[in-house]
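Protein chains: 2
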Amino acid sequence: MSKVTFAIVAGAGAAVGAAATAALFNKSSSSSPEGPRVPSSPSPAAAAPGAKPPSKPPSGPSPVNPSGLFDYGFPGPTSDLASRTSFISSYDRRTRNPHWVAEHITPQSLSLKSGDRKNSQFLEDPSIPEKFRAKLKDYFRSGYDRGHQVPAADCKWSQSAMDETFYLSNMCPQVGEGFNRDYWAHFEDFCRRLTSKYPSVRVVTGPLYLPRKEEDGKWYVKYEVVGSPAPNVAVPTHFYKVIFAEEKDSKDGPVAVGAFVLPNAVISNSKPLQEFEVPLEMVERASGLEFADKLDVRRRKRLCAETSCSVIVKEYAQRQKAFEKK
Amino acid sequence: MSKVTFAIVAGAGAAVGAAATAALFNKSSSSSPEGPRVPSSPSPAAAAPGAKPPSKPPSGPSPVNPSGLFDYGFPGPTSDLASRTSFISSYDRRTRNPHWVAEHITPQSLSLKSGDRKNSQFLEDPSIPEKFRAKLKDYFRSGYDRGHQVPAADCKWSQSAMDETFYLSNMCPQVGEGFNRDYWAHFEDFCRRLTSKYPSVRVVTGPLYLPRKEEDGKWYVKYEVVGSPAPNVAVPTHFYKVIFAEEKDSKDGPVAVGAFVLPNAVISNSKPLQEFEVPLEMVERASGLEFADKLDVRRRKRLCAETSCSVIVKEYAQRQKAFEKK
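So the protein lines, in turn, are chains A and B.
Per full-length UniProt numbering, numbering through the first sequence is continuous, rising by one, with the last residue being 326.
Per full-length UniProt numbering, numbering through the second sequence is continuous, rising by one, with the last residue being 326.
Next up, chain A with everything else stripped away, as it sits in the complex (with noise of 0.2 Å):
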């Protein structure tokens, strides 16, 4: 369990050190519906102590028809869901990054090898409107790395598959020395030798905006903004990835589940991965999203008490010189 404090944990209240791996177990209280939904009226209100709902809606006619405003459009937000050949994701229009993307691997997958990223190149996404895509330019000389959120080497099975990867909706900006090509490297690789022990591992990556406290004792949210000519691309300030490896290839077999939360910041290469694994419920409070809603508590394994949580490091050179073999 991560040993650094994330503001945003100690809102789980149960969920904080010990009672860490409860929280992973527990299922969420809330179900969430999939899509957007306008309840005709609002459920009634249990806040405050002694607080009274709202009185009900008057019974004569309405003087205002506020649902007048879709004539001119639905505000939004729209996340741009996309389905690619080997991955799903969601885009942030606002941060002009992906509020998560979904991938799976197998061995079978991981074996087939036809994709080269000599291939591929970066591209804009043309699915998204052009007022809140992200652009090429808006990385270039900003400083850190396009960083793909689902892995181009987890795409080898195909070169349509690994081209699609470099689709700009599935990057971040991320710190390039240190962690992009170092220790984020190793925890993708961590994650596809995951295959060698469970016949199926689905992996869910993603940017978070983090708080701190600061000098004057209060939390801020605090992060970069580039691009060119004006800032357009937000510098998360930590990733997530959510893993799901299933034991069984099957709709009621064991799921042994890790969340974990990296800093976009160097990591040195002796840290554990294990003191980044986090309670799920942190990364939900965290992005706002619910992963595993519907996943019986009963049907749950904690990932780093399954397999050994650990990377294994290989310096950046030796894993170039090994992937362009491939």
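Source of the hints: derived by calculation from the structure; they are not laboratory data.
Every value quoted in this text rests on a predicted model; they were computed, and no experiment measured them.
No false leads were mixed into what you were given.
Think about it this way: if two alpha-carbon atoms lie no more than 30 Å apart in a straight line, the pair counts; the simulated DSSO-like pairs of lysine-lysine are:
#	chain 1	residue 1	chain 2	residue 2
1	A	LYS131	B	LYS301
2	A	LYS314	A	LYS197
3	B	LYS197	B	LYS248
4	A	LYS248	A	LYS294
5	A	LYS137	B	LYS56
6	B	LYS135	B	LYS222
7	A	LYS213	B	LYS218
8	B	LYS222	A	LYS271
9	B	LYS131	A	LYS218
10	B	LYS131	A	LYS301
11	B	LYS135	A	LYS213
12	B	LYS218	A	LYS137
13	B	LYS294	A	LYS131
14	A	LYS294	B	LYS135
15	A	LYS213	B	LYS213
16	A	LYS56	B	LYS118
17	B	LYS118	B	LYS137
Chain B: place on chain A using the hints.
Then chain B, alone, in the frame of chain A:
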């Protein structure tokens, strides 16, 4: 037009300074669907000069099934659309603030006075899952007001309608003295006064988190996060209002559109409101939302060209007194 240089405006290219009016009247070239869409294959790419689109998808069976993740639930984001008696809102589970709230006011709705804010109280919104909910204790001693996005005073036509504006899902942390209780209140009053000229006025309101340039020459978004026991609710750096003043109660009449962005800070009462006018596209780029995609360019007018965009200053005590009398 605002003299403040918003970084995000620069990104709008043509939509700055003198060209702002043109931008306001130009129909957005992008059309956005109202809900999430999952295109089964990516559109052809047209990004960098000379860039080629991804290879064709493989024709054989795929070794992976990324959408299998959804058996565990759909990650979201979920926008928690809520349709209240007199407004509609969309909630941002990550910042614990609304994305937008949309209200409708008319001469008739403002003439009715059956609601009294003395009968209303602030309420947590039980329709938001607990882990994403803004809490009363988050605001307590935070130093910020629970700032209504749809103003209570716009909903006096029904006690129920007014009560519903007191859900925390209609609030953001706002600077109290000098902003929420002063300039922002005068701005809300400006919106109401528009009904003396226009038979139907729609106002969309929400928070922004804008970057600013720091001494190192880089752009940063920085905002406080308040909460107890842990940081939970983001303090927006700015607020926007997009106003649609409808000249006729018809589906094809002229519409005067105005977009304004105000900092969440003390604003001198002597500051002209028009200094906060911005191109609509600036609000769209900054929020990731779209407000007038389906509004025909031939119907659009510029609000501040049609009417005087200025606030009338009433001192807080005086306004409270006037408010209580009603």
